[in-house]
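K.L.:
Take a look at the letters that make up each chain.
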Amino acid sequence: MAKKYELNEIEVWDGNTAVSHALRQARIDVVAAYPITPSTPIVQNYSKFLADGYIDGEFIMVESEHSAMSGCVAAGAAGARTATATSSQGFALMVEVLYQASGMRIPVVLTVADRALAAPLNVNGDHSDMYLGRDAGWINLCAYNPQEAYDLTLMAFKIAEDLDVRLPAMVHQDGFICSHTAQNVRPLSDAEAAKFVGEYKPVNSMLDISNPVTHGVQTEEDWHFEHKARQHNDLMNSKNVIKRVFDEFKTLTNREYNLVDNYKLEDADIAIVAIGTTVESARIAADKLRDEGIKAGVLGIRVLRPFPFEEIVNALSNVKAIATMDRSAPGGTFGMLFNEISGAMIGSGKSPIILNYIYGLGGRDTTIEQLIEIYRQLDDCARSNQRKYPLQQFIGLRGPKLSFF
Amino acid sequence: MTKKIRNLKELSLSNDRYEGANLMCPGCAHNIIVREVLNATDDPVVVANATGCLEVCTAVYPKTSWDTSWIHIGFENAAVAIAAVQTTYETLKKQGRLPKAAQKLADEGRDIKFVAFGGDGGTYDIGFQSLSGAFERGHNFMYVCLDNEVYANTGGQRSSSTPIGASTTTSPAGAVSYGEKMMKKSIVEIMADHGAPYVAQVSPSKWKDMIKKVQKGYEAKGPVFINAMSACTTEWRFASEDTIAVSDLGVDSCMWPLYEIINERDEHGIIYRTKLNITYRPKNKIPVEEYLAAQPRFKHLFKPENRHIIDLLQKAVDIRWENLQRREEAGV
Numbered sequence: 001m002a003k004k005y006e007l008n009e010i011e012v013w014d015g016n017t018a019v020s021h022a023l024r025q026a027r028i029d030v031v032a033a034y035p036i037t038p039s040t041p042i043v044q045n046y047s048k049f050l051a052d053g054y055i056d057g058e059f060i061m062v063e064s065e066h067s068a069m070s071g072c073v074a075a076g077a078a079g080a081r082t083a084t085a086t087s088s089q090g091f092a093l094m095v096e097v098l099y100q101a102s103g104m105r106i107p108v109v110l111t112v113a114d115r116a117l118a119a120p121l122n123v124n125g126d127h128s129d130m131y132l133g134r135d136a137g138w139i140n141l142c143a144y145n146p147q148e149a150y151d152l153t154l155m156a157f158k159i160a161e162d163l164d165v166r167l168p169a170m171v172h173q174d175g176f177i178c179s180h181t182a183q184n185v186r187p188l189s190d191a192e193a194a195k196f197v198g199e200y201k202p203v204n205s206m207l208d209i210s211n212p213v214t215h216g217v218q219t220e221e222d223w224h225f226e227h228k229a230r231q232h233n234d235l236m237n238s239k240n241v242i243k244r245v246f247d248e249f250k251t252l253t254n255r256e257y258n259l260v261d262n263y264k265l266e267d268a269d270i271a272i273v274a275i276g277t278t279v280e281s282a283r284i285a286a287d288k289l290r291d292e293g294i295k296a297g298v299l300g301i302r303v304l305r306p307f308p309f310e311e312i313v314n315a316l317s318n319v320k321a322i323a324t325m326d327r328s329a330p331g332g333t334f335g336m337l338f339n340e341i342s343g344a345m346i347g348s349g350k351s352p353i354i355l356n357y358i359y360g361l362g363g364r365d366t367t368i369e370q371l372i373e374i375y376r377q378l379d380d381c382a383r384s385n386q387r388k389y390p391l392q393q394f395i396g397l398r399g400p401k402l403s404f405f
Numbered sequence: 406m407t408k409k410i411r412n413l414k415e416l417s418l419s420n421d422r423y424e425g426a427n428l429m430c431p432g433c434a435h436n437i438i439v440r441e442v443l444n445a446t447d448d449p450v451v452v453a454n455a456t457g458c459l460e461v462c463t464a465v466y467p468k469t470s471w472d473t474s475w476i477h478i479g480f481e482n483a484a485v486a487i488a489a490v491q492t493t494y495e496t497l498k499k500q501g502r503l504p505k506a507a508q509k510l511a512d513e514g515r516d517i518k519f520v521a522f523g524g525d526g527g528t529y530d531i532g533f534q535s536l537s538g539a540f541e542r543g544h545n546f547m548y549v550c551l552d553n554e555v556y557a558n559t560g561g562q563r564s565s566s567t568p569i570g571a572s573t574t575t576s577p578a579g580a581v582s583y584g585e586k587m588m589k590k591s592i593v594e595i596m597a598d599h600g601a602p603y604v605a606q607v608s609p610s611k612w613k614d615m616i617k618k619v620q621k622g623y624e625a626k627g628p629v630f631i632n633a634m635s636a637c638t639t640e641w642r643f644a645s646e647d648t649i650a651v652s653d654l655g656v657d658s659c660m661w662p663l664y665e666i667i668n669e670r671d672e673h674g675i676i677y678r679t680k681l682n683i684t685y686r687p688k689n690k691i692p693v694e695e696y697l698a699a700q701p702r703f704k705h706l707f708k709p710e711n712r713h714i715i716d717l718l719q720k721a722v723d724i725r726w727e728n729l730q731r732r733e734e735a736g737v
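From first to last, the protein sequence lines are chains A and B. No gaps in the numbering here: position 243 of the first sequence is 243 in our numbering, and each next residue is one more. Position in the second sequence (first residue = 1) + 405 = our numbering.
By construction, these hints were calculated from the structure, which means they are not laboratory data. Keep in mind that the hints are not guaranteed to be accurate.
To be verified - A partial selection of chain B residues facing chain A, derived with a Cβ cut-off under 7 Å:
# : residue
1 : Val465
2 : Thr473
3 : Ala625
What the hints assert, rightly or not - Within a straight-line C-alpha distance of at most 27 Å, the following computed DSS-like cross-link-like pairs (lysine-lysine) qualify:
#  : chain 1 : residue 1 : chain 2 : residue 2
4  : B       : Lys704    : A       : Lys201
5  : B       : Lys468    : A       : Lys228
6  : A       : Lys195    : A       : Lys3
7  : B       : Lys680    : B       : Lys409
8  : A       : Lys4      : B       : Lys690
9  : A       : Lys195    : B       : Lys498
10 : B       : Lys621    : B       : Lys498
11 : A       : Lys250    : A       : Lys4
12 : A       : Lys201    : B       : Lys621
13 : B       : Lys589    : B       : Lys704
14 : B       : Lys499    : A       : Lys4
15 : A       : Lys48     : B       : Lys589
16 : B       : Lys589    : A       : Lys201
17 : A       : Lys195    : A       : Lys4
18 : A       : Lys48     : A       : Lys195
19 : B       : Lys680    : B       : Lys690
20 : B       : Lys626    : A       : Lys201
21 : B       : Lys499    : A       : Lys195
22 : B       : Lys611    : B       : Lys589
23 : A       : Lys195    : B       : Lys505
24 : B       : Lys704    : B       : Lys690
25 : B       : Lys505    : A       : Lys48
26 : A       : Lys243    : A       : Lys350
27 : A       : Lys201    : B       : Lys409
28 : A       : Lys4      : A       : Lys288
29 : B       : Lys621    : A       : Lys3
30 : A       : Lys243    : A       : Lys288
31 : A       : Lys250    : A       : Lys228
32 : A       : Lys3      : B       : Lys498
As the list claims (entries may be wrong) - Calculated Cβ distances over 12 Å to all of chain A for the following chain B residues:
#  : residue
33 : Arg440
34 : Ala453
35 : Ser470
36 : Asp472
37 : Ala484
38 : Val485
39 : Ala488
40 : Ala507
All of these numbers come straight from a predicted model, not from anything done at the bench. Each residue gets a CB set at the ideal place from its N, CA and C atoms; glycine is no exception.
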C-alpha cells in the first residue's frame with residue numbers, strides 16, 4: 001500500500017511538480033513514459049515517488065515517446081488507469097498513437113508542457129505541439145498556471161474515464177513559463193484527491209479471461225465512418241461531463257473552472273482571445289486599458305476540444321474587435337484560433353472585426369506593452385468600425401514588420 | 406505445467422482460441438503457426454498483434470477470429486503493447502484487483518501467458534526499436550515473428566529479412582538486377598544478445614520441434630523470441646498446397662536451420678551461461694538450389710548471368726551451418 005505524502009496547505013510548486021503530485025494522487029496503475037524537456041521533471045518526480053514508496057502502480061521507462069503512448073493504450077485496454085507526460089518532439093513522435101488512443105476509446109491522460117517544434121531545434125515554450133495534436137480526437141484542457149495544471153490533471157482522469165466519455169484527455173501548460181515557474185499551489189490531501197478521482201472502472205479489460213475482447217480492429221469503407229462519427233459525437237457531448245466535473249471540483253475546492261475563462265467581457269468593446277500564460281498577461285494589459293476608460297476584456301480558452309462554440313459566442317457577442325492570438329507557426333494560412341473564432345462568430349451571425357496575431361514562437365517573451373499595443377489596434381478598429389490593420393501580424397519579431405492579408 | 410501433446414490429432418483437438426476460417430490466403434503458414442502456438446498451452450493466452458497480414462485478416466469489424474483477448478495498435482508497437490498488458494497484469498495482481506477469473510487462476514499459481522505476433526516488417530524493421538526496448542527491460546512475454554521474408558500484406562516489398570537474390574516489388578529482378586542485394590539480418594542472434602532467456606528458430610513443417618520450443622518459451626521467465634519460418638504462397642509464389650513441402654526444403658537445405666539459444670540468466674539480466682542447441686540435423690543436407698527452385702521468387706537466379714548468386718547463397722548457408730555447429734560444440 002502506497003505511503004501517504006504529507007502536504008502543506010499551500011505548497012510552492014512549479015507546473016511540473018504540481019502535475020507530478022496530481023499523477024501520484026490519481027493512483028495510476030501503469031505509467032509508460034520517456035523524458036523530454038520541459039516536461040522531464042514530471043517523469044523524474046514520478047520515478048522518485050515510486051522509489052520512495054508513494055506509488056502502488058507500475059512505471060515503465062520505455063525507449064521512446066511512441067512506445068510511451070503505445071504502452072499507455074495497451075495498459076488501458078488491459079484495465080489500467082494510465083497516464084504519461086511529454087512535450088514537443090516527443091509529442092510529435094506520439095502523434096500516430098494519439099489517434100489510436102482516441103479511436104480505441106482508451107482514456108489515457110497526457111500532460112503536456114507545450115514547446116516549439118524543430119527545426120530549428122528549440123526547447124522553449126510555444127503551442128506548436130498542442131496545435132499538432134488538436135485534431136487527434138482528444139479532450140484538450142488548458143492551464144495557465146501551476147494551480148490550474150494540478151487541478152485540471154486531477155479532473156482530466158474523471159472526465160476521460162467517465163463511461164459516457166471514454167476518450168483520452170490532454171492537459172496543457174506552457175513549457176518553462178508555467179512548467180518551471182514556482183507559485184503557490186493549494187493541493188488536495190491524498191485522500192481527498194483519491195476520493196475525487198474515484199476508482200478506475202475498467203471497460204472490456206483484456207485480462208477478463210472469462211470474456212475475451214478484441215481491441216484495435218480494422219474497419220474499411222463499410223464501418224470506419226460510423227466509428228469516427230460516434231467518436232466525434234461523444235467528444236462533442238463530453239462538454240456536459242466536463243461541466244459536471246468542473247462543478248464537482250468547485251464544490252470541493254471553491255476553485256471555479258469554465259469551458260472559457262472570461263475576464264471583464266460583460267461590457268467589453270475589444271477582447272483578446274488566447275491560450276496559456278498569455279491569458280494572465282492579457283488580463284493585466286486589459287486592466288491598464290480600462291484605467292484609460294477603454295473597455296477591454298480577455299477570453300481564455302480553457303477547453304480547446306470539445307470546442308466551446310456557444311460559450312465563445314455568448315462571451316464575445318457584443319465585442320466589436322477581437323484579437324486572436326496564435327502561439328504556433330501558422331504554416332501558410334491563418335492561425336487556428338483566428339479560423340475557429342471567426343467560424344464561431346460568423347456561424348452565429350456576428351461580424352466583429354477579427355485580427356490574427358502570431359506571437360511568442362520558440363519561447364519569445366510577450367510583454368504587457370505588446371499586448372497593450374494589440375488592444376490599441378483593436379480600439380482603433382472598434383471606434384472607426386473599420387479594419388485598419390492587416391488580418392495577420394507577427395508581433396515581437398526582429399526586423400521589418402511582417403504581416404499578411 | 407507443460408501441456409502434453411503426443412500427436413497432431415491431439416493438437417488439432419485442443420481447445421481452439423483461433424478461428425482458422427479467416428481472410429488469410431489458402432496455404433498461408435501464419436495460420437498453422439498461430440494456432441499451434443496458442444494450442445501449445447492450456448493456460449489462458451493474451452495476444453498483441455502488429456499490423457500485417459495476420460492482423461488485417463483476423464479482426465475486420467464486426468468479426469474477429471480471436472477467442473482470446475487480443476490487441477492491435479500499430480505496425481511498430483506490438484512488443485511494447487504486450488509488455489504493457491503484462492505489466493498491467495502484474496500490478497493488478499499485486500493490488501488484488503484482477504478480474505475474477507484471472508484472480509482465481511493466479512490464486513492457483515497459474516499465470517496468463519502473454520504473446521505478441523509480428524511479421525518480419527513489424528519485427529526486423531519498423532518495430533525493432535520497440536522490440537529491443539521491451540527485451541532490454543526484461544518483461545515476461547513471448548514474441549513470435551512470423552517471418553515470410555517480405556512485406557506480404559502490402560504487396561511484397563523487400564524487408565531486412567528478405568534473402569539475397571529474392572525478387573520483390575521493391576527489389577525486383579530485371580535486365581541489370583538479380584533482385585535483393587543483401588543477406589538477411591540475423592535476428593535470432595540479435596535477440597539472444599539482448600540476454601533473452603530463450604530464443605529459437607522454428608518451422609511449422611517440424612511441428613513437434615516447434616511445439617517443444619514454444620512450450621519452453623512459455624515456461625521461461627523473461628522475454629522470449631521465436632522466429633518462425635512462414636512460407637508465403639503469394640509472395641514466394643508456390644502452389645498453396647506446397648507450404649509444408651517448401652518449409653521442409655528450407656529446413657533440409659539449412660537455409661532455415663532449427664536451433665535454440667538458452668541464456669541462463671537471473672532477473673537482472675546477468676547471464677551465467679549461454680548454450681546453443683541445433684534441434685534438427687538434416688540426414689541429407691540438400692543443396693540450396695532445390696529450395697530456390699521451388700519458389701518463383703528466385704526463378705531469375707537460374708539464368709546463367711545470375712548463377713553466381715546461387716553459389717554465393719550456398720556458401721553463406723554452409724558458413725552459417727558450420728558456425729552454428731561450432732557454437733553448439735563449444736557450448737557458447
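K.L.:
All the hints need checking, so say for each whether the structure fits it.
P.N.:
Results for each hint:
{"no.": "1", "hint": "Val465", "in the structure": "holds (5 Å)"}
{"no.": "2", "hint": "Thr473", "in the structure": "holds (5 Å)"}
{"no.": "3", "hint": "Ala625", "in the structure": "violated (20 Å)"}
{"no.": "4", "hint": "Lys704/B / Lys201/A", "in the structure": "violated (58 Å)"}
{"no.": "5", "hint": "Lys468/B / Lys228/A", "in the structure": "holds (18 Å)"}
{"no.": "6", "hint": "Lys195/A / Lys3/A", "in the structure": "holds (16 Å)"}
{"no.": "7", "hint": "Lys680/B / Lys409/B", "in the structure": "holds (25 Å)"}
{"no.": "8", "hint": "Lys4/A / Lys690/B", "in the structure": "violated (67 Å)"}
{"no.": "9", "hint": "Lys195/A / Lys498/B", "in the structure": "holds (22 Å)"}
{"no.": "10", "hint": "Lys621/B / Lys498/B", "in the structure": "holds (24 Å)"}
{"no.": "11", "hint": "Lys250/A / Lys4/A", "in the structure": "holds (24 Å)"}
{"no.": "12", "hint": "Lys201/A / Lys621/B", "in the structure": "violated (36 Å)"}
{"no.": "13", "hint": "Lys589/B / Lys704/B", "in the structure": "holds (19 Å)"}
{"no.": "14", "hint": "Lys499/B / Lys4/A", "in the structure": "holds (19 Å)"}
{"no.": "15", "hint": "Lys48/A / Lys589/B", "in the structure": "violated (43 Å)"}
{"no.": "16", "hint": "Lys589/B / Lys201/A", "in the structure": "violated (46 Å)"}
{"no.": "17", "hint": "Lys195/A / Lys4/A", "in the structure": "holds (14 Å)"}
{"no.": "18", "hint": "Lys48/A / Lys195/A", "in the structure": "holds (23 Å)"}
{"no.": "19", "hint": "Lys680/B / Lys690/B", "in the structure": "holds (24 Å)"}
{"no.": "20", "hint": "Lys626/B / Lys201/A", "in the structure": "violated (30 Å)"}
{"no.": "21", "hint": "Lys499/B / Lys195/A", "in the structure": "holds (21 Å)"}
{"no.": "22", "hint": "Lys611/B / Lys589/B", "in the structure": "holds (22 Å)"}
{"no.": "23", "hint": "Lys195/A / Lys505/B", "in the structure": "holds (24 Å)"}
{"no.": "24", "hint": "Lys704/B / Lys690/B", "in the structure": "holds (21 Å)"}
{"no.": "25", "hint": "Lys505/B / Lys48/A", "in the structure": "violated (32 Å)"}
{"no.": "26", "hint": "Lys243/A / Lys350/A", "in the structure": "holds (26 Å)"}
{"no.": "27", "hint": "Lys201/A / Lys409/B", "in the structure": "violated (39 Å)"}
{"no.": "28", "hint": "Lys4/A / Lys288/A", "in the structure": "violated (45 Å)"}
{"no.": "29", "hint": "Lys621/B / Lys3/A", "in the structure": "violated (39 Å)"}
{"no.": "30", "hint": "Lys243/A / Lys288/A", "in the structure": "violated (32 Å)"}
{"no.": "31", "hint": "Lys250/A / Lys228/A", "in the structure": "violated (33 Å)"}
{"no.": "32", "hint": "Lys3/A / Lys498/B", "in the structure": "holds (19 Å)"}
{"no.": "33", "hint": "Arg440", "in the structure": "holds (16 Å)"}
{"no.": "34", "hint": "Ala453", "in the structure": "violated (7 Å)"}
{"no.": "35", "hint": "Ser470", "in the structure": "violated (9 Å)"}
{"no.": "36", "hint": "Asp472", "in the structure": "violated (6 Å)"}
{"no.": "37", "hint": "Ala484", "in the structure": "violated (8 Å)"}
{"no.": "38", "hint": "Val485", "in the structure": "violated (4 Å)"}
{"no.": "39", "hint": "Ala488", "in the structure": "violated (7 Å)"}
{"no.": "40", "hint": "Ala507", "in the structure": "violated (5 Å)"}
Checked against the numbered hints above, the structure violates hints 3, 4, 8, 12, 15, 16, 20, 25, 27, 28, 29, 30, 31, 34, 35, 36, 37, 38, 39 and 40; every other hint is satisfied.
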